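Residue numbers (UniProt numbering), protein chains in the order written: chain A, 1 to 326; chain B, 1 to 326; chain C, 1 to 332; chain D, 1 to 332.
In short, the hints are calculated from the structure, not lab data.
All values derive from a computational prediction rather than experimental measurement.
Cβ coordinates follow ideal geometry from the N, Cα and C atoms, glycine included.
DEER-style ranges, computed between Cβ atoms:
(1) B:I30 - C:E230: 36 to 46 Å
(2) B:R272 - C:E230: 55 to 65 Å
(3) B:D312 - C:A322: 13 to 23 Å
(4) B:V248 - D:D287: 37 to 47 Å
With a straight-line cut-off of 35 Å between C-alpha atoms, the simulated DSBU-like cross-links for lysine-lysine are:
(5) D:K261 - C:K261
(6) D:K41 - A:K28
(7) C:K294 - B:K317
Simulated coverage check for chain C against chain B, where a stretch passes if three residues somewhere in it have a Cβ under 8 Å from a Cβ of chain B:
(8) 34–40
(9) 63–69
(10) 89–103
(11) 136–143
(12) 301–314
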Amino acid sequence: MSNYPKPDRAALVEIYRRADLIKQNDEKVIREIKAGRLVTPYYSPRGQEIIPSALSASLTDEDYICTIYRGTHDMLAKGFPLPELWGELAGRVTGSCKGKGGTMHLTYPAKGMMVTTGIVGSSLPIATGLAWAAQLEGKGRVSVAYFGDGAANIGAFHESLNMAGLWKLPAIFVCQNNLYSEHTTFADSTAVERLSQRAAGYGMPGVTVDGNDPEAMFGAAKMAIERARAGEGPTLIEALTYRFNGHVMGDADRYMDKAEKAEAIAADPVPRLRQRLLDAGVAEDEIAGIERANAEAIAAAVEAAYAADLPDVAELKRDVFAHEIA
Amino acid sequence: MSNYPKPDRAALVEIYRRADLIKQNDEKVIREIKAGRLVTPYYSPRGQEIIPSALSASLTDEDYICTIYRGTHDMLAKGFPLPELWGELAGRVTGSCKGKGGTMHLTYPAKGMMVTTGIVGSSLPIATGLAWAAQLEGKGRVSVAYFGDGAANIGAFHESLNMAGLWKLPAIFVCQNNLYSEHTTFADSTAVERLSQRAAGYGMPGVTVDGNDPEAMFGAAKMAIERARAGEGPTLIEALTYRFNGHVMGDADRYMDKAEKAEAIAADPVPRLRQRLLDAGVAEDEIAGIERANAEAIAAAVEAAYAADLPDVAELKRDVFAHEIA
Amino acid sequence: MSETITETKPVTMIQALNMALADAMAEDDRVLVLGEDVGDKQEGGIVGVTKGLSSQFGTGRVKATPISEQAILGAAIGASLAGYKPVAEIMLMNFTTVAMDMIVNHAAKLRFMSGGQTHVPIVIRTMTGAGFGTGGQHGDYFEAWFAHVAGIKVVAPSNPADGYGLMRAAIEDPDPVLFIENMPSYWTPGPAPERGSRVEIGKARIARAGSDVTLVTYSRATNDCLAAAEALAADGIQAEVIDLRTIAPWDRAAVFASVEKTGRAVIVHEAVREHGVGAEIAAELSDAFFGKLKAPVKRIGAAFCPVPFSKPLETAFVPQAAGIEATVRGIL
Amino acid sequence: MSETITETKPVTMIQALNMALADAMAEDDRVLVLGEDVGDKQEGGIVGVTKGLSSQFGTGRVKATPISEQAILGAAIGASLAGYKPVAEIMLMNFTTVAMDMIVNHAAKLRFMSGGQTHVPIVIRTMTGAGFGTGGQHGDYFEAWFAHVAGIKVVAPSNPADGYGLMRAAIEDPDPVLFIENMPSYWTPGPAPERGSRVEIGKARIARAGSDVTLVTYSRATNDCLAAAEALAADGIQAEVIDLRTIAPWDRAAVFASVEKTGRAVIVHEAVREHGVGAEIAAELSDAFFGKLKAPVKRIGAAFCPVPFSKPLETAFVPQAAGIEATVRGIL
Ligand SMILES: Cc1ncc(C[n+]2csc(CCOP(=O)(O)OP(=O)(O)O)c2C)c(N)n1
Ligand SMILES: Cc1ncc(C[n+]2csc(CCOP(=O)(O)OP(=O)(O)O)c2C)c(N)n1
Ligand SMILES: [Mg+2]
Ligand SMILES: [Mg+2]
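With the rest of the complex left out, here is chain A (with noise of 0.2 Å):
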């Protein structure tokens, strides 16, 4: 991997700032639950910021990502904007989905989210589809998927991977190694050591990467990004990474292992990332300015959406079609 792109310095600091950004509003949506304020399912991302940090910034808003049900950081990453994102999670009409999809439903067409599921495999065909109107329309898009370990082991999976390996489609799929799918270990789900081995199954390129060590994934990334923009086909990233709560939020998560646990938290990436910027002599202020930035316009986000109206129950008849329910 010595032969990766590089991210430069300015490059990581924005990496820090979304995944600092991602780090925060985690915390903050955990609070607002906790302080019964905001009412949802929640997954959360913590742990797996690094990952869609490092990739966006070879994206741009004409770029495609299909993304998950724990996808708050996939979103952000990218840039979905933080009132639209606290509007749908408050379930207001300002959010960007009206309040009609919610945590697990999250679109933003505008800077290319187009889908976000609770289905688990299945943002990869639409990725793929994605992929594949990119191809035609040839102006040089790709498509990125997101999805978790435990995705790897459905159909859809499978079937995306050939059609995308078969018509050199410009997509990227990129599997969050977080070694749990629910209660359940990777090990006990998973034939194959790593998952970038079933690659060479689809005719692409896979790897495995340290998905938290944001130098590593940003070069992965660029790697796959290049190759699919320029038309040389699909690429399996598979990010190793850690999930630091529970599935779902309330989860007991007594089948996590302890130890493991606590040293994945403890080489937690974002304040990794952040000793390596000071290292690196990215003065503490400019740091600092971009976490006070983020924080702000996460509580700018969260009391607009509270002060947002409650969709009206006519909602209901509506975007069912295109024309309205009589």
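We have chain A already, so just place chains B, C and D with the ligands on it with the hints.
Just chains B, C and D with the ligands, lined up with the frame of chain A:
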């Protein structure tokens, strides 16, 4: 593959007996359909006879198979009785399924033929379940899933191989790669050159073998079956072969490469095996005797089928549930 | 090839659909066709609805796929989100069972779940119908499943001209449309469609006018209803046959107007009767016309079992004109 | 763990189902349990219906699976063909969409297609129901789909005791049974089941006797019907509430007997009303009681849209007691 177990003379003769039965049976089905005496969709296995004939040499009646619409060869190789086969093809009460299942759903659990399916890919999950049962039971039974090259790209393939690999099930996944799925070539549907390459992604051995070579096929199958019986887990076998006819009888097959087809037919594996037997010193008489016995058995089964009754419409209410519908 | 068809001669459903696809692709280059075998240059697959399309429009827009129904529909959904209008083929209706997630959880719902930000203007073509001895996994009619799901439209033409017009309308529709084709009647010729015509989605057709009873039907069963109506007419019984054409949303106004007139209704479809589309229509009619009907609303569907193989069973499984006729006589 | 529950105290649905599984596994070692997370030693997965089972019966018989619904059901079907009695979990009903082939084309049909040589005595457990803000892909009721398929039975208990008894009966049933659990009412306590009791499949329960109107319902909606009945009783209106318990085949005799008495029927379910199970029952009642009903048969179901996220929408989406009450008053 030099370390593969080899069939002895008796085994080779027995493989020929089955292959000839399949070939003659196929020719008879086609003649009967052309003559208008038999009315059924028919998916000829001509050209693929050796695969199940060589494999079944290492199976017992206790072992399970699940196969597909193009499966009369798999059935006959495992000992499906001809009268029940023809009864079913002719939709008679003497058919193994009383005429209710038909050509695409031949079933004969008394000899381990558990499911014949018309849904591409679906033989695999069910065979996986039978393998699970065999493992639980612990008596050394194995479970074989037959399927085509086209089926290797559908989700059920992936889920089944992962589960079988993970649980180390006594399953043998046998892909009969005849280079076509309906009117589409293998190359146009598959992102990898050799399907056996996919096995690595499921932690199981994968092997590509000339399915038309009885020794190679016998060896690969025996290895896999013994592995499974010994509790060492599943194997994926890609058996290379060729479909001598179009996908379904009546199919114009203009999409098939003429030269490729002519070459395959010139290398017809059944007469090739016959010649091999002769070369190995098996008497022409013995072979002719086998062929005559096959022909007679088929002819008797056909006549018996035509003489049998068609089912009564009351059958529509039977076998829907355990208890007849009122 | 579509060009060789003269419009004045009768055409088959296969030809009509082929024309519709060719015309739509020629008019709008966002229209794409994908599915198993559709790239086959010679035949366009086993049945040939897509014959000639890959030669005419190229294998970029006419895309042969692996046998991967989830990926086929994912490809269609994704491409539609990006502005294309894909027509995806799921060869037989029974094979929708390997891709229901894509249809039900995504195609039908993305508009609503995104609050109207995205939508999925795809057509899913699929064929079905008993009669060819294909047994229990190749002939089911599952339209009731999809009619039960908000966000997807369901159409099922009974004749080539409607097939053409509905296909053109379905491709232009801003919502996902499931397009059901009956296989055994594919080769039955019928009046040629007017090139460029559209059949509005949601509008039924009075296939035969009558005053004594309303037969509500769609797809191939329309022919059986017409045959029954002929037989009844010999005895002076005038059955009005309504070919729904669109199953969801069904044309309530047309059906209600007819039953208002006749006071009697029989719903006929090839799907299994229990929990079929006939149940919804019967329930609605019985409620709306409470106290005004001259007879109970009857429903006719296939027998409650898988499609059987053996010919006598297969024939008895599917509703036939004689049974329809008898049912009508029973409520007169 | 099931042992710690004393049978006299009220139990939740989770506890009742856990007891039923434990009791069935203890009695018959052919009973297997498989599904995502079911092997979790601590919790038995997120909800915990399978809690303690893997410790008690081992991870051979209680098998945690990958997220591979087709393989899960394939495993169950295959094992059942070999003589086992697997209880497979498809975590949420919306996830049946990735495995419909296994359910519809195989589990339901193998007995028929094999002419009775094989059969598939499996139970498919699945949960669903709106109310937790899980949005459009986690709360659908699709029971009408399965009721439309010949060869599979469908049950949906409304209370813990029935949950226990139906589970025991479903496991013993020689045919495949889809077992629908309502998630939001999982934690509601109810009278404890009698250990070892069975609730016969196909038999409804009169949850409340009454003479003025029949409310036909199942699953959680039973509670809403009972609440509506209470409110109506305050005005002297006596509603009979029939909890179907089994949706397919439904207890025609019980429902008919009640409507014979009351002359009025309202069918209530949480599934979208259009093409829901209510349609079949309404169609049957309207036909059988033609001219004898005092009012049209009414149907109440969820709104015709995906399950919405925002609380006020989600609440309005699901049928409520007040709406049921109003509908009843409208036909009196
Ligand atoms: C088809 C399907 N099956 C089951 C589920 C239930 N489920 C939701 S999340 C999840 C675990 C997914 O694990 P993984 O793919 O590793 O993603 P992670 O949650 O770890 O990010 C499961 C089983 C689902 N949503 N969809
Ligand atoms: C899920 C599904 N999709 C499509 C079909 C239609 N179909 C029947 S056979 C076939 C080709 C299968 O090819 P392959 O797996 O190579 O088997 P072969 O026919 O060559 O033996 C297709 C596409 C089907 N039966 N099931
Ligand atoms: Mg995970
Ligand atoms: Mg093939």
